[in-house]
Each structure stands twice: as C-alpha cells, then as structure tokens.
Amino acid sequence: MNWEHYKEQIKINGEMEEDWYIIGIDLGTTNSVASYWNSRTGKPEPIDVSNGFGKIPMPSVVQYRQEEDYEGEWVIGEEALQTFRIYPESTIMSVKRKMGSKDKIRLNNRDYLPEEIAAMILKALIDHVRGLNPKMILAGVVVSVPYDFDDAAKKATIRACQLAGLSDGLIGLMEEPKAGTLAYNFRHDLSKDEKVMVFDFGGGTLDITIFCVAEKNDEAIHLKVISEGGEAYHGGDHIDALLYLQMVKWMEEKTGQTRETMTVESVAELSQRARETKERLSGVMNYRVPYTFCVPPFVQNLSRDEFEDIIRPFIQKTKALVLQTMKEGYNGLINPDEINRVILEGGSSQMPWVKRMLGEIFGDIDKIYVSEQPALDISMGATYYAAMKLGLLKHRDLHTSDRQVHFEIPVPHDIGFEIDYNNKKDFYSMIKRGTPYALAKKTMKFTLSGNNDEDMTSIDLKILERIKKEDQLENCKLIGLVRILGLPKRPKGKTRLEVTLSIDEMSGTVKGHVKDMGYSGEYEASDFNRKFSPSRNEMQIIQAN
Amino acid sequence: MKLSRIHENHYYIGIDFGHHTVSVSALDNRSEKPVMIDRTGGYGQIYVPAQMVYMTKECAWLIGEEATMMEKSQDTVFIENLLSGLYERRSYDVEGICYEAETLIAIYINEMLKHLDSINPNNIIKGLTITLPDRVDYKTHKILEETLILYFEKSKKWKNKFQIHVVTNSEAMLAFLEGYNLIEGKQCYFMDFGHEAFRVYDVHLEPHITISLIVESKALSGYVIFEKIEKLLCVAYLSHQNKNSLDEEESRHIQDMCKIYYAYILKAYQNKSDVKITYKFPHPPFQIKLQVSELMKVFEPIESSFEKKLNRLKTNDGDYEVVVMGNGFRTLWPKYHLHEKAFSILVEDLDAASKGAALWSLKPFRKQKINHIGRLKKDYGIIIQEGEEKHFLIIAQSGSYYASDFTPMGLIMVRDHDLSLKICTKDANDKIEQIMSMELKPNNSEAIFRVTLKIEFDQEMHLVPTVMYDEL
Numbered sequence: 003m004n005w006e007h008y009k010e011q012i013k014i015n016g017e018m019e020e021d022w023y024i025i026g027i028d029l030g031t032t033n034s035v036a037s038y039w040n041s042r043t044g045k046p047e048p049i050d051v052s053n054g055f056g057k058i059p060m061p062s063v064v065q066y067r068q069e070e071d072y073e074g075e076w077v078i079g080e081e082a083l084q085t086f087r088i089y090p091e092s093t094i095m096s097v098k099r100k101m102g103s104k105d106k107i108r109l110n111n112r113d114y115l116p117e118e119i120a121a122m123i124l125k126a127l128i129d130h131v132r133g134l135n136p137k138m139i140l141a142g143v144v145v146s147v148p149y150d151f152d153d154a155a156k157k158a159t160i161r162a163c164q165l166a167g168l169s170d171g172l173i174g175l176m177e178e179p180k181a182g183t184l185a186y187n188f189r190h191d192l193s194k195d196e197k198v199m200v201f202d203f204g205g206g207t208l209d210i211t212i213f214c215v216a217e218k219n220d221e222a223i224h225l226k227v228i229s230e231g232g233e234a235y236h237g238g239d240h241i242d243a244l245l246y247l248q249m250v251k252w253m254e255e256k257t258g259q260t261r262e263t264m265t266v267e268s269v270a271e272l273s274q275r276a277r278e279t280k281e282r283l284s285g286v287m288n289y290r291v292p293y294t295f296c297v298p299p300f301v302q303n304l305s306r307d308e309f310e311d312i313i314r315p316f317i318q319k320t321k322a323l324v325l326q327t328m329k330e331g332y333n334g335l336i337n338p339d340e341i342n343r344v345i346l347e348g349g350s351s352q353m354p355w356v357k358r359m360l361g362e363i364f365g366d367i368d369k370i371y372v373s374e375q376p377a378l379d380i381s382m383g384a385t386y387y388a389a390m391k392l393g394l395l396k397h398r399d400l401h402t403s404d405r406q407v408h409f410e411i412p413v414p415h416d417i418g419f420e421i422d423y424n425n426k427k428d429f430y431s432m433i434k435r436g437t438p439y440a441l442a443k444k445t446m447k448f449t450l451s452g453n454n455d456e457d458m459t460s461i462d463l464k465i466l467e468r469i470k471k472e473d474q475l476e477n478c479k480l481i482g483l484v485r486i487l488g489l490p491k492r493p494k495g496k497t498r499l500e501v502t503l504s505i506d507e508m509s510g511t512v513k514g515h516v517k518d519m520g521y522s523g524e525y526e527a528s529d530f531n532r533k534f535s536p537s538r539n540e541m542q543i544i545q546a547n
Numbered sequence: 047m048k049l050s051r052i053h054e055n056h057y058y059i060g061i062d063f064g065h066h067t068v069s070v071s072a073l074d075n076r077s078e079k080p081v082m083i084d085r086t087g088g089y090g091q092i093y094v095p096a097q098m099v100y101m102t103k104e105c106a107w108l109i110g111e112e113a114t115m116m117e118k119s120q121d122t123v124f125i126e127n128l129l130s131g132l133y134e135r136r137s138y139d140v141e142g143i144c145y146e147a148e149t150l151i152a153i154y155i156n157e158m159l160k161h162l163d164s165i166n167p168n169n170i171i172k173g174l175t176i177t178l179p180d181r182v183d184y185k186t187h188k189i190l191e192e193t194l195i196l197y198f199e200k201s202k203k204w205k206n207k208f209q210i211h212v213v214t215n216s217e218a219m220l221a222f223l224e225g226y227n228l229i230e231g232k233q234c235y236f237m238d239f240g241h242e243a244f245r246v247y248d249v250h251l252e253p254h255i256t257i258s259l260i261v262e263s264k265a266l267s268g269y270v271i272f273e274k275i276e277k278l279l280c281v282a283y284l285s286h287q288n289k290n291s292l293d294e295e296e297s298r299h300i301q302d303m304c305k306i307y308y309a310y311i312l313k314a315y316q317n318k319s320d321v322k323i324t325y326k327f328p329h330p331p332f333q334i335k336l337q338v339s340e341l342m343k344v345f346e347p348i349e350s351s352f353e354k355k356l357n358r359l360k361t362n363d364g365d366y367e368v369v370v371m372g373n374g375f376r377t378l379w380p381k382y383h384l385h386e387k388a389f390s391i392l393v394e395d396l397d398a399a400s401k402g403a404a405l406w407s408l409k410p411f412r413k414q415k416i417n418h419i420g421r422l423k424k425d426y427g428i429i430i431q432e433g434e435e436k437h438f439l440i441i442a443q444s445g446s447y448y449a450s451d452f453t454p455m456g457l458i459m460v461r462d463h464d465l466s467l468k469i470c471t472k473d474a475n476d477k478i479e480q481i482m483s484m485e486l487k488p489n490n491s492e493a494i495f496r497v498t499l500k501i502e503f504d505q506e507m508h509l510v511p512t513v514m515y516d517e518l
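Chains as they are written, first to last, in our numbering: chain A, 3 to 547; chain B, 47 to 518.
Among the hints, a few may not be true.
[Unchecked claim] Some chain B residues near chain A, calculated using beta-carbon distances under 8 Å: (1) 54; (2) 87; (3) 88; (4) 91; (5) 108; (6) 165; (7) 167; (8) 168; (9) 309; (10) 326; (11) 329; (12) 331.
Don't read these hints as lab results, they were simulated from the structure. Note that this is a predicted model, so its numbers are computed, not measured. Don't be surprised by glycine CBs; every beta carbon is placed ideally from N, CA and C.
For reference, chain B alone in the conformation it holds in the complex (with noise of 0.2 Å):
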C-alpha cells in the first residue's frame, strides 16, 4: 500500500499567537498530524516569549528569548504585550518610523518563520494560519490577515504564494477536532486556562456548531500565579537580605526567577513539599527554602476558587467531555477537580490550538460553518466629558462574549455635576445610545470622589452594572 504523503518541503503552519508566549506546529510530511516546532532545538521552551526588540545600529529585529534578553541593552527598542496592542488598534515609534500592532506581529511572525530557513533550506509555506484568543473580534482578524498578505507579498517566501487565516482558539480547536476524528455529534467544553485567564466554552457539534463562552475569570490565571511567585520571592529575597524594598536590578533578576522557579514551585505545592530557591544574582549566592506551608497559603485560594467554577457547570448528570488547553492545566491540580467532578478528558493536547491552526491550513473549516452565541453586538460603556468634548469609553466591547470577565474602570468624579452614571451602548454606525443610568451615592462629602464601575451580564444576556465606592 503506497501512503500520500505532504511533500517533505512543504509547510502547513499554525501559530498561537497569545498574549505571553507564542507556539508554532506544522504538519509532518508522513503522518500528516499537527507537531510542535521548536525554535530552541530541545534545549530551550517550546513556547516563544511574545516580545521583540529592535536593534537601532544593526537595523534589525529579534523576538523571543533573544528579544528578552536585549530588553535592557542599549541602542535597542523593546516591545511587548503585542497583542493587547492589536485589539486596543496601538501604534508604535521605532526609530522615528510609527508601526501598527498588526505590522510588528506581522514582523514577528516572518522573524519566527526564519526558523524554517534553518531545518529546510528548500521549505515552500503552503498555508499560514493565525490562531488569536477568542475574545479578540473578527474585524481584528481581518485587520491581521490583511497585514499578513501585504506583508508576505514583499518577502522571498511569497515566491510560492500561500493561504493566510486568521481564526479563534476555539475554531482551531474543532479544526484540531476534525483533524483527530473526535466530531461525533457531541457536545463539550473547551477549558483554557491560559497566562490571561480561565476560561470555558461550551460547545455544541451538532445540528451545528456552536460555541459560546460560559465563564471567564482573570483572577484564575497564569498571570495571577506568576505575581503570586513573584511575591513569595521578592519577600523570602528581602527577608534575606534585611532589606526593605527591591532596587531596579534585583526587581528584573527576581522576574527572571519567577521564570525558572514557576515550575519547580508549582510541583512543590503539587507534591506538598518544600521547595529551594536559589538566588544565584547576589554576590555571594544563597539559597533559601520556601515551607510547603507558605505555598499552601498562596495557591489554594486560587485551587478553591477553580473548583467553585467547575461546580457551576451543567453536566446533565452525567459523563460531560472537556477539552482542556493553557499551560495551567500541566499542573496536576485542575486535572484533578475535573476528575473529581467526573467530566472526562476528550483531548489533553495542551497545544491543540496551534495544532489545529495547522490543520485549519491544509483543511480550513469555512467560517460561516461555526456560529459564535452569546456575543455582544454593541460596545458597552460611558460618557465622559473631558473639557468641552464628551468621549464614549468602552468597558465592553462588540464581539466580546457575555461572560467575559470585563476589565472594571476606574472613575474620579466630580461631585457637583457627577452624581450620576450613563451606562450607553454604542452600535457599528457609531449611534450612542443611553441604555441605564446610575445614581451615586458616595459615602463622603469631599469634592471629587472615586468609583470603580464594573459590567457584567446575567444568563438571560441582561446589563448587571456594579459601583465600588474607593477610598481616594
């Protein structure tokens, strides 16, 4: 039996491009199944920090680990956070020269596909798909995918042109899905617990596919653990030391801790034992060991917290399948309340998305084939006047899904002429109207007074606004 085969130098890529790291899969010429590709060869991680740095005297970029650890160095521009930058429409001056966010992921991607150039001098890119958190909108998708196209048009490699997509996590999940045989008329969850923060999904195949996001919490997030680590740290350092803050120098090589110890700290409270930390900065070098009691401290309030959002999930009684993906699932403990609850594991490839973004290049699921429920339609949030002009500020944006976890805002009023809050929703035509007001009620009499504002939807989609009342 002869087998077809991709030919050995073409490459259907995937990237996931997330807000910290960035993964790449390809499909193997045999098999033609997702792998991971890895810039670092074996010897370094597999996911690629999402930063870049412009090298003002050789005129040139680096991204990654290489970018990282230029960030201090002089004639150099450094750049992060790439991706909030796409969806807040960011601009950034390099050197005088302004670039969109759009433009410098496109940069970061060509940089990234250099890696090609090395293990297949011969390589043609056949398809390139992009695969973006979902919370990010289909018109940033198209702002993306056009960039790409413009910006590979230019490059060698577009000599063999090649097919651009731009889809959500959550597509390249189910592209992940149909390229393993796992669509059987099911429904699921798709569980991502990633650097910015938990979220599920819930996914319906059949009749039609159907995915809408069911809970998100920022506080359960590999952010929030990382500043958690951080912490723990920077007080055993100072303690150490009998200092009572950190200067610049030790703030940066104890971040640069946080990334080697992440692990082996997390294991620790895993396994429930001590852990030792070693600060190899200082001159001379110590060690310390952090009780498994101090972590226990740290981590289960977050452990807790996961489990109560599990337990608000329908599992009509039964067996209920998840998908899981995020780096937070490689500890033990998330797998463990899954268990617990009895949902059971579809696929525990924690990097499916980028694999199946791979998958969506060689086979691309047709958009329309994939309906997304539960999105806002318009922009959600406030009035505010700023000298003679009034702005609309966004708190919710279109696109986004009702059980996003919206970032709260923070508001200094005027007590005279601030005593209420317009709550307005504001439509594709740029129509604002005013869909809620708030009376404030601030529990002092200074003249100015802060509030923090806080938007949330119930399940029947309804606005439940909340006003925090914080001491100035």
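Pulled out of the complex, with its shape left as it was, chain A reads as follows (with noise of 0.2 Å):
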C-alpha cells in the first residue's frame, strides 16, 4: 500500500491508527535526524538516537569491521564515528556529497554505490523509529535534500530510500530549506509580506532560500519562495579540509615529518582534530590543539581570529553567495532593507563569523535568528510537510483549525535541452527556475534537420540543468541522454517532434514525453508516441518503429 491509501484511510476515519507512522528525514552529510508525527501533541518530534543520554542526530557514519576470527559487522552511526580512528580505511563519511555519482565505495570485498552507503544510513534512522514501536507501519515518509542537488543526485536518493525498504511510504523529496522554512512557519508568526532568508550552513552544503508571505487572512497563509541560491558543496566539511591544509603545515614545521610519510591512522586523525578544532573555535577565543600522534607530541594554539584568516576565501565565497541570490530573486532583485529576518539554520551556521558577515550585509544584527533548533529543523520540516499531504495539520496549535497553509514551491533550476542552432551548441531553457512545480511542465516543438538518412531518423536527447544563470553549456550538469532511433524517413527538414519536460513535484525529477507530429499536412503523423525518464547513469534508447 502506498502513502496515497493512508491518506484515504485518514481522511475516512478523521485521525491515523496508532500503528501509522508519517517521517520526516534529514539525510545530512555530517549527520542525519529523523521526526515522527505525534498524534497526541500534532507535532513533530525528533527520534533521539541516543535515548536521552546524548545527542539526538545519528551521525552519518558507516563502517565496516572486519577482525581476525570474526564475522564482519556494519556499525552505523555514533559507534562508526567514534571509532573512525581504529577503521579509518573501512568508515565511510559525508557519503551525501557523492550521491549521484557513479564513485564506487570498496568495502567487504565489494564496490558499493553512494546510494547503497545511503540507505544503510536510512534504514538505521527508520530501525530507531521502530524502537519507539516495533509495530510501525510505514504511512509516509518524506526525506529532504539540498536545494542544490542535481537530478542525478536526487535519483540517487530515491534509489536508496528504495534500497532502505521505504518505496511504499515514500511520499517523496523535499529541498532542506524549504523544509526549514516550513519547520519556523509552524513555530512562529509571520506576518503578511514578510520576508525571510532561510540559511542552511550544513556540513557538506550552503542553502539559501527567500521566501515571503504573500497572503495572510483568516483562511490561509500562502508561503512563497521567491529566491534560491547556495551551493551544493560549500559547507562546514571544506572548512575542515582548508584547515587540515593548515594543521599539516604546523605538523611538518615543528617536526619534520611530511604530509607523504603519515600512516592512515594519523590522517584519520588530524581531520578529526581539524573538525574539532572548528567546532570549539565557535564557543572559545583560543583552542590547543594537541597532536598526540607525532613524534615528539606538541601543542598547536590557535585563536579564532587566526582561524577566520585560514578560512578567509571561503568566508567571502560565502558571502558572494548571499549577494548573489538576493540578486536573483525570481522576481528580480531584492534589496537587503527588504529582508525582514533571517534565520541561521544547520550546524555550520553557529561559527561566529556567519552572523556576523550576515548582519554586515544587512546591516541590522537584530535581523539574524538562529533557528531553536537548527539540528533538527530540517527533518521536523519533512514531517510537517509529510502530514499536510496526508492532511493532519488540524491541531489547533498550529492555528491550521481555522487557517489553511499553501506553501509554493518553484523549480531551482533551469531545466532544458543542448541544441544544436547553425553548428553551434548552446543550452535551451524549457522549465526557468522560479517556475512553481504546479506549473513546471512544458511542450516544444522542433524541425529535425540533418545531411543523411541517419540524421532524419534518430535524434538525441540530451537533457540538462543549468544550476547557476551564468553557467555556459559546458558547465551544465547532464540529467540524461534519450535517443530516439527509427523515426519515419523524411526529406530534410520534414520531421516535427513535439517534446514535452516535467517535473514530478514530489520528487523532483525529471520526466519527459517525446511525439512524432509529422509535418503540416504535408506528412502525416507516425503512431510514435512515447514517455521516458531520463537517467545520467544510463542512455535510454527508445525506438520509434
């Protein structure tokens, strides 16, 4: 049974079974949090891996151990990051950060997909929830990615919720930040025309999204994204890794050894010093950091001015970033004095300069929040979503009793085709970011023309995303290739296919239909009708005859 039976069932019975279980997830880079809706408060709550006795977010660790004499076990989680040091060459971290690759991951004497790694990561999230009641079922389930995930990645993301064993649940994607976005709607009150910047500072992304109330009255609040930017790989792991550079540095001059001659295990080492180092640096002025691995051991102070200046380039990447999604608002720009607040969210959101540099641009500190619970927004996000699609939101909490919530989502990214105009190649623009799902499909017409047979009876495909305006062909990402073999033989210039993009709204992938139109009377149209979904990993071959 998919979700889709359970909200019949809901909407039938006016309340879910006790069994039922709605889930939002945050499948992080650095780590990952799962929520459930409790029926009983009309809230989401997030699953604490820990029991209470440490931190709720189960980090995004796998490993695999192998020792002499024993069966090899999969440790997932706390466990895994723990012992990151002992296994460095068998524990897989920031996992995320491949998704949608083809990189193959060796372990166990086996080449695993990113997605494969994923899932394992999932199905632990999902074994804990069933701790809370080892008679779950699975009503629905939402999982969140990053605004700027390419179709390829998010792919890569259903497959392992496929792989996790949540395909009957899965409602389907959400972007982190509109997630966040939704999570502070619920907690606070927005007023009409407000504007806000949700910015998502996470492990392995910077997410940045704009969002206003465009109507408020007693029957609804519709929420509207109006801008997005960020990049999917700017966040808190290339931080450490410009600090690793660093650490190595002061390794080699006070001690001689070189970057070349450190074993595994140091390695494994000094990044994890380097990402404490960071993470104690947002809480204190100075930190000693120890390197106990070399000989002869020494001590290594560093402020956190001294670290800000390591980090400087990324700061102002950082900074470009914001700028530039204030600049490509979709209705055009926005001006920092139109920004009402802006909510800090995600782990690397807490370093100090964040809200500085934020507070510089909009001139005004009093604008920036930090979000209550930056951890655990995201997947709180998911669950609200995921239960306004089963259609729960009903408690009077949420002030949903007498007040509707829309909330529209548009595509971040340009969705569209390489064409090849007078023998040059350029990028064709279907689906413009800023289009809202509801409205993201789109139909065009093309004049097949070519110099042989071969030309007029096959065609290829290739679709694209272009993630950043300015971005040439050549920087575009590929979602996936379709070619089309056996259409009728034509003269040149005679054929007209009729191609038509998409995008599911709840995944947000993309899918395509491709039709032979013939030509205005003059041919008649072929029988040739044929949907298809474009994948990186895989050329689909379609023939027309």
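Need the complex rebuilt from these two chains, each delivered in its own frame; the hints are there to steer you.
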C-alpha cells in the first residue's frame, strides 16, 4: 500500500491509527535525523537516537568491521564515528557528497554505490523509529535533499530510499531550506508581506532560500519562495579541509614529518582534530590543538581570529553566494532592507563569523535569528510536509483549525536541452527556475534537420540542468541522454517532434514525453508517442518503429 | 475561533538549576505550553553543565560545555559546584574580586539567557523562575532572588522589568501539574532520581497542598553511577595498558569518556549485552569489550537497592500515582520496577521541573498555598572545641526534611577529654541547646581515635544518631 491509501483512510476515519507513522528524514552530510508525527501533540518530534543520554542526531557514518576470526559487522552512527580512527579505511563519512555519482566505495570485498551506503543510514534511522513501536507501519515519509542537488543526486536519493525499504511510504523528496522554512513558519507568527531568508549551512552544502508571506488572512497563509541560491559543495567539510591543510603545515614545521609519510591512522586523527578545532572555536576564543600522534607530540595554539584568516577565501565566497541569491530573485533583485529576518539553520551556521557577516550584509544584527533547533528543523519540516500531504495539519496549536497553509515551491534550476543551431551548440531552457512545481511542464516542437538518412531518422535528446544562471553549456549538468531511433524516413526539415518535459513535484526529478507530429499536413504523423525518464547513468534508447 | 497567544517576543523562562546540570524552558507562544530550550540547537546535550570559567585575558565568562573545555587552560578561573556553594554560603576569589555563590549563579543565568538574543534578538523576558532542589531552604531562595534582581536591574534586559522567582523542584512540579490540569484531588509521590540522590516526596493535593520528603538515598544517585562507570573504564584501561595507576592527563580523558559512555554502558546493562569501549586518547587508540557480567556485578546492587526503597512505600493496596523526574529515569529498569509494584506514572516528563518553572513564571503559585511538612525547625549538630573556642558544627540544617540522607561526619577524638558526643540544636536566634549525649567506647587504647557520626530521624521524627568507630 502506498501513502495515498493511508491518506484516504485518514480522510475517512478522521484520524491516524496508532501504529501508523509519518516520518521526515534529514539525510545530512554530517548528521542525519528522523522525526515522526506525534498525533497526540499534533507536532513533529525528533527521534533521539541516544535515548536521552546524548545527542539527538545520528552521525552519517557507516563502517564495516572485519576482525580476525569474527564475522564482519556493519556499524552505523555514533559508534562508527567514535571508532573512525581505529578503522579509517573502512569508515565512510560524508557519502551525501557523492550521491548521483558513479563513484564506487570498496568495502567488504565489494563495490558499493553511494546510494547503497546512504540506504544503510536511512535503514538505521528507521530502525530507531521502530524502537518506539515495533508494530510501526510506515504511512508516509519525506526525505530532504539540498536545494542544489541535481537530478542524478535526487534519483540516487530515491534509490537509497527504495533500498532501505521505504518505497511504499515514500511521499517524495523535499528541498532542505524549504523544510526549514516550513518548520519555522509553524513556530512563529509571520506577518503578511514579511520576507524571510533561510540560511541553511550544513556539513556539505549551503542552501539559501528567501520566501515571503504572499497572503495571510483568516482563511489561509500562503508562503512563496522568491529566490534560492547556495552551493551543493560548500559546507563545514570544506572548512575542515582548509584547516587540515594548515594543520599539516604546522606538523611539518614542528616535527619535520611530511604529509607523504603520514599513516592512514594519523591522517584520520588529524582530520578529526580539524573538525573538533573548528567546532570548539565556535564557543571559545582559543584552542590548543593536540598532536598526540607526532614524535615528539606537541600542542599548537589557534585563536578564533587566526582560524578566520585561514578560511578567509571561503568566508568571502559565502558572502558572494548570499549576494547572488538576492540579486537573482525570481521576480528580480531583492534589496537587503527588504528582508525582515534571516534564520540561521545547520551546524556550520553556529560559527560566529556567519552571524557577523550576515549582520554586515543586512546592516542590522537584530535581523539575524538563530533557529531554536537548527539540527532538527529540516527533519521536522519534512515531517510537517508529510503530515500536510496526508491531511493531518489540524491541531489548534498550529492555528490551522481556522487557517490553511499553502506553500508554493518553485523549481530551483533551469531545465532544458542541448540544441544545435547553425552549428552552434547551446542550452535551451524549457522550464525556468522559479516556475512553481505545479506549472513545471512545458512542451516545444522541434524540426529535425540533417544531412543524411541517419540524421533524419534518429535524434539524441540531451537533457540538461543549469544550476547557475550564468553557467555556459559546458557547465550544465547532464540529467540524461535519450536516443530515439527508427523515426519515419522523410526529407530534410520535414519531421517535427513534440517534446514535453515536466518535473515531478514530489521527487523533483525530470520526466519527458516525445511524439511524432509529421509535417503540417504534408506528412502524416506516425503513431510514435513515448514517455521517457532520463538517467545520467544509462542512455535510454527508444525505438520509434 | 481566535486563539489567545503569548506575543512572539515575550518569554516566560524556567530554569532548573541542578548540582551538575542546568536546563532551561520557555513557554511556546502558540500553545502556552513549556518547551525546552537547547543552547546547542539540537547538536549536543540539552543539559548544560553547571560549570563556569572566567577568562582573565578576555575578562569574560563562559558557561556550560565551553567552560568544561577551558577547565585546564591557562589564564582561566574554573568554578563548579555552584549549588553546594550557594547553601554553604561560599565565596570565590576571581582575579582578586570576591564573588558570593549567588552572584556567580546570577552571572551564569545571565550568560545562559544570552542565547535568547540569538534565537530572537527582539526578545523581552516577562518572567524568570529558578527552581532549586528541595533541600535548599527558603532563606537561601530569598538571597538568590534578591541577588538576581540586583544583578538584572543593572542589565539591558531590565529595560522591561520582569518578575523573578526562586522555587523548589516540588513547587515547580506542582505548577507543571496545574499547567496540564493534572491536579484533581489526588495524592501522589514525586520521585526524583537525580545526580545527587534518589528522593521520594509524598504529595497531598487536597484539601491543602502538602509536600514531605519520605525517602532520600545518596547511594542511589547519578553521581554514584557515574563513579562506578569511571571505575569500570579505569580498570579496563589500566589492564590493557599494563599499568598500575593513571596520570593526571589519563584521568582527565577517562572522566571525559565517562560522559560519552554513560549512556552506552547503561543501555548495554539494560539490554543485557556487552559494550565496546574505544579509548581514543592514547596513541594508538584501542577498543575493549566490557562483558555484560561485569556490568551486572556493578549495577545489579543499585537496582536491587532501588527496588527495596520502593517496597517501603505505602500504596494503600491500590494504584498509586507517581510523577517521575531526574535523568535516572531515562534507563528502563527504574520504570520497570515502578510498574511491577503497581505504581502508575502520572507524569513522565523528566524535564518537568524546568517546564513547571516556566509555567510558574506565567502564573506564580502563592508560596503559602504549599505546606512543606516534616522539615527540621532547628539546625542539628555537635559542639567542637578548636583551641580555646567552641564551635557549633551543623550536620542537619534547619529546613531540611527529617527523611533527608544527612552526610555523616568523621571526627577525630582525643581519649582524655572526648569520651562523649553532645548532640545539640541551634535555633533561629542562635540559641544552642544540648538534646543528647552519647558515651563513646573506642575498642582500642590509642590516645586518639576516629568516629563517624550519622544523624537520622525515625518516622515519629525522633533523633536516631549512630556512631561508627573507624580505623585510624
């Protein structure tokens, strides 16, 4: 049974059965969190994987252990993170950054795709939810993805959900800053026309979303995303990498030991120290970094100011990404004074320079709000969304007994084709960024031209995604290649094809449709009429005859 | 239907100030129900260590985990045990300035409230209630309350004046029960399985609200469990490293590990499974396995002692409701024993004290509505001779409950003139009165001998002193 069945049942019964669970999952680069819909309180509740003894989020770390004379075992989460230095070669961190790629991860004498590793994280989270109620039935699940995830990464995430056994309940994917926005909306009273920037700065990505309260009256509140920006590979991990390089330099200066002679264990220890140093310098002004693996061991003092100098280029790029998001609003430029508040989400936003930098951009530090629970908001927002989809947002505390919540989500990137016009290749945009998902469907007619029979009976549709407005064709990301063969033989320029591209609202993935139109009465249309699902990993071949 | 709500910028705060951790709640502006405030934003522990550090170069205070991190750093003054400092009226020298414990608590709370400026730069505090363990007397409450008012009067936050209250954990719990409409002419037990002790309060809600402590055991506490875990980790480390003792650095690392592994070890004991422990600090790091049999040897006596305490409680042969609080109840076995003894859990919100305090900030109970019964009206102690001067040494402080687990006192006695112990009381006017004299009969013939004096009270509130002769 899929989630729509449960939706129907909820509509009929007016409530959800005790064993049905609605889950929102934040599959993060560094940490992952699952929340569930608590029917009693009418709110999402994060699952505390430590059972109240430690931290709520589960580190997104997967480890395979094979001790002599023992069967191998998979370890996921905090324990895998804690023992990273003992098993550095078989511990996988930040797998999210590889989603959508064909990179193989070798573990247990087998190659794994990133989505297979991600599936283990998802499964571990669901097992924790099952700990609450062993009879749990998954009625609906929404998994969050970064704003900047391309089509291939989204498809890999869906595949990870399938491998984790979530297919039946999967409602879809949701972009992280939108989940953060939704969570924030349900905790705060926003006024009509208020513009809010959600600055979601995680371990792997920076997602920036600006939304406004387009309408608010006694019946409804209408939230609308008016700009999105950021970068999929710009997060806390990159700061760790910059700091790591500097820490290696100190080691070389102090001990004469070189980077090349470092053991795998020492590399693991130093990279963990880099992350720890970054985190500690968010709270204190100075930190003494211990180099216990060096001979002789030593301690390097690092102040917060020195740390910020090391990562200065990264800070400047972050600032540029904020300004770009404001410049490229869906309806034009957004000025800093138009933004009423900025909400900081994500672990990396706790670094003091983030607030300072945003305070400078917006000229008023009092506009910068830190979310109450940045580590948990994304999963809670995803849960709200899942509950909305299942028709459950009726609790009085949410103030929706008398007010409907509408959330208009636009397509984040331009979607289109590679076209060849007068021997010049270019990107042709079909669906423009900023188009609401509900309207994200566009049809175009193309005329086939060529020099020989092969050109006139076949065509390659190269479907692309333009992440940044200024990206040239070579920087566009491939969504998939569809090769159509066996089209009716007609003279040059006498075949017209109708191609439709659409975006599935719930998964954010691209789908297509192609149809032979013949040629304006001169040539009858054939009955060729096919759907396609482009994939980066595999070219789809369609026979038209 | 329009709902009445608290303004988004208005905060009603409750702070549970414990011996080792502090937690903060605020009323949710939509539901008017209290929610925990997490300084770490969900990335760390919601409970903030009750530790603070003064950084002499920066002339700034840090609290909680940041203070813990800086404990061993240069140019810092590290302070902990603030609560003990408060009721022992301790003062602290920080860079030549003398701070009373209550002033440090005010500084701590102010630092804690700075988090509100981050989550809402336009916040206005409308009410602040601090809840302290019940053993802290009202005199101390008053001192802290006045200090907080004096402190905040000078701060920016006072621009919009707000009410400050200091209440006991039990009072905060009552506010919690009222806030959730759970007071319905009942009686119940409040069970607090905290870091310092396991305590049971008998609470009668009608016709008048009365609270009395009926069980207190310091041997059954988070602190004792922590010590046992520390010992387990030390023994396993020394055995692996083939060493006899820990150096200072190793000892500190193992204490840090205890905080990480506390949960793992208790969970493993609960699941009756082995637990793997990773020692990351030595080079190379290593991992050992603690067998479940070792865990059972350590924790079964604690569990059994807990069960015995429950057996002593009256349940009127029927369902008896309990309100549980304290981190000790996070493990499953205490709740298992409660269910087994037919107690039904009325409230199972381990953060109910801080949440109740937040509700108190919105709607304070009148103190006189709550009667604390079974509390000592005088200090109990002994007279000791120091040189020419005689001092009264308090063992049981006035305001404490009769059922308190008073800390035993070790005394060195001189055979020639210390063959009796005079137990006295001291009233509010400092009038000292001898109420009992105990003849001492040491079983050796040394010139000096050592005894430990323990004070208890029976159910009729009669003094029951016990003397133990210790080896010198």
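Taking the hints in turn, this is what the structure says about them:
Because the closest C-beta pair between residue 54 of chain B and chain A is about 5 Å apart, less than 8 Å, the hint holds. Taken as an interface hint, residue 87 of chain B checks out: its beta carbon lies about 4 Å from the nearest beta carbon of chain A, inside 8 Å. Because the beta carbon of residue 88 of chain B sits about 3 Å from the nearest beta carbon in chain A, less than 8 Å, this interface hint is met. The interface hint given for residue 91 of chain B is met, as the beta carbon of that residue sits about 7 Å from the closest beta carbon of chain A, less than 8 Å.
The interface hint given for residue 108 of chain B is met, as the beta carbon of that residue sits about 7 Å from the closest beta carbon of chain A, less than 8 Å. Evaluation of the residue 165 of chain B hint against chain A yields a held restraint, the C-beta minimum of about 5 Å falling below 8 Å. Satisfaction of the interface hint for residue 167 of chain B is found here, the shortest Cβ-Cβ separation to chain A being roughly 4 Å, below the 8 Å cut-off. A least Cβ separation of about 6 Å between residue 168 of chain B and chain A falls short of the 8 Å threshold, and the interface hint therefore holds.
At a threshold of 8 Å, the smallest CB-CB gap from residue 309 of chain B to chain A is about 3 Å, leaving the interface hint in force. Given hint, residue 326 of chain B at the interface with chain A, holds; its Cβ is 6 Å from that chain's nearest Cβ, closer than 8 Å. Nearest Cβ of chain A to the Cβ of residue 329 of chain B: about 5 Å, under the 8 Å cut. The hint holds. With 8 Å as the threshold, the beta carbon of residue 331 of chain B comes within range of chain A, its nearest partner Cβ sitting at about 5 Å, so the hint holds.
Violated hints are absent here; each numbered hint is respected by the structure.
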